[in-house]
Amino acid sequence: MSSIKLRAVVALSGLALVCAAQAQQKETAAPKKAAAQTKKAANAAKDPVAADFEKFHEIMEEASPAELFEAKGEELWKAKRGPKDASLEQCDLGLGPGVLKGAYVRMPRYFADAGQMMDAERRIVYCMVTLQGFKAEDLAKQPFSSESRTPDPVSLVTYVAGQSRGMKIAIPQKHPKEREAYNIGREIFNYRAGPWDFSCASCHGEDGKRIRTQNLPNLTSKKDAIRAFQGWPGYRMTGGLMHTLQWRMNDCFRQQRFPEPGYASETIADLLTYMAVNANGHVYKGPGIKR
Amino acid sequence: MSDPMRIRAVAKDGAVNVKILMSHEMETGQRKDAAGKPIPAHFIQQVSATWQGKVVLSAHWGTAIAKNPFLEFNFKGGKKGEKIQVSWTDNKGEKRTDEATIN
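As they're listed, the protein sequences go chains A and B.
Here my numbering is used: the first residue of the first sequence is 1, the next is one more, and so on.
Here my numbering is used: the first residue of the second sequence is 1001, the next is one more, and so on.
I should point out that these hints are in silico values taken from the structure, not numbers from a laboratory.
Treat the hints with caution; some may be incorrect.
Computed from the model, here is a short list of chain A residues facing chain B with C-beta under 10 Å [to be verified]:
no., residue
1, Met60
2, Glu62
3, Glu75
4, Tyr235
A few chain B positions that, by computed beta-carbon distances, are all more than 10 Å from chain A [what the hints assert, rightly or not]:
no., residue
5, Gly1029
6, Pro1038
7, Thr1050
Small disclaimer: the values here were computed from a predicted structure and weren't measured.
Even for Gly, the Cβ is constructed at its ideal location relative to N, Cα and C.
In isolation and in its complexed conformation, chain A is listed as follows (with noise of 0.2 Å):
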C-alpha cells in the first residue's frame, strides 16, 4: 500500500475511533435518549423517504379499512351458516374451542384432530368444512379478494388475527411435526426452480434488495424476520383489497413463475411455519395496510 494510502487508512481509523468513543461517553451519560437519538439521526440520514414511508404508514394504520373485514369477519364467525346450519364458536384454533384470543400468533402449529399441519387460514377452512358442512374444493375455487368480492375466509382469517393484536409471537416448536415443518419450510425458502431458477432466498435472502420502489425484507435475519408475519392479513390500498397470507405465497409463487400452490395446502404451511417461527418473540400489531 502507497505511504499516503497508509496515512489515509490510519487517519481514517483513528476518526472512527474518536467517534465511537463519543458515542460511548454520550451512551454512558444518557444512555436511552442517546442511543435513540442517534440511532434516529442514522437512521434518517440512511434513508429520509424511508423515514417518511414510516410515519405515513403510522398514520394509516390508525385508520386502517381492514377493521372493516375484522368486523365482517366477526359476524361470520359468530353466525349460523353452511348446510350443518352452525356457527364457527366451536373451532379450536390450538388454544381451545372457540378460544381466539392469542391463536393468530400460535399458528401454524400442529392439530391432533386433523393429524396436520396449519396455518390460520388452513384451519379456518378445516372448522368452515367439518363445523358448517362446507366443501373445501368450493372454498378453494376462488379464494382470492377481487374488487367485486372477498372470500369469508379472508374476512374470517382477519377477525381471528385482530384478536391476536398486540400479543407476542409465540409459534410452537414442541411437537415433532412442528419442528418438521419448520426445517420443511427451510428448504422450500431456498429451493431454486422456474424458468428463472428463483427461490424465496433470491429476493429475500439479502439485506437492502428492493423491487422497484418497494423494500424487501431480509426474511433469514433477526431484524426482518417479523415482515413475514407482521401487515398480515393485509388491506391494500390499490384495488382495496383485503389478503391474507396465503393470497400473498400464491403471489409470489407467481412471480417467481412457479407453478400455482395448493390454496391452504401442507407445502404452504410449512413455509409459513419457517418464516412465522423467525418471527418469534415480536408483538404482533395484528392486521395490516398497504400500499
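Following the hints, position chain B against chain A.
Positioned in the frame of chain A, the structure of chain B alone reads:
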C-alpha cells in the same frame, strides 16, 4: 345493504374526537370493466354527524374520496356516555346511519 360503519368517539378536554371508517365502493364512474364498459359512478355525496339533535358535521363529497373512506373530525361539547349519529347518502339514493357512544 351496505356494511356498518366503524365509529370511535373519544371525549377529551371538552371536545370529542370522532374517527369513522365507512364501507363504500366510491366508484368514480371513470373506470372501465374488462369488457371496456364504463363502471357506473357510485359514491357518497352527503355525510352528516349529529349529537343531541345538533348537526356537528356536514360534508359534500365527490369522486376524489377514496374507497372505504376514513373521516376524522373534532367537535366541541359532548360527554362520555352520550351518543352520536353518522349518516351518509350516495348518488344512487342509498343511505346509511350508524350510532356510537362517546367514550
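Confirm or reject: glycine 1029 of chain B is not an interface residue toward chain A, with every Cβ-Cβ distance exceeding 10 Å. holds, 15 Å
#### Entry: 10 Å Cβ clearance of threonine 1050 of chain B from chain A
holds, 22 Å
**Asked** Once the shortest beta carbon distance from tyrosine 235 of chain A to chain B is found, is it less than 10 Å?
**Response** holds, 8 Å
Hint methionine 60 of chain A vs chain B: min CB-CB distance below 10 Å?
The hint holds - methionine 60 of chain A has a Cβ within 10 Å of chain B, the shortest such distance being about 9 Å.
Minimum Cβ separation between proline 1038 of chain B and chain A greater than 10 Å? holds, 15 Å
Per-residue hint verdict: glutamate 75 of chain A, partner chain B, C-beta under 10 Å: At about 9 Å, which falls below the 10 Å cut-off, the nearest Cβ of chain B leaves the hint on glutamate 75 of chain A intact, so it holds.
* Asked: Any CB of chain B closer than 10 Å to the CB of glutamate 62 of chain A?
  -> holds, 8 Å
Hint violations for this structure: none, all hints satisfied.
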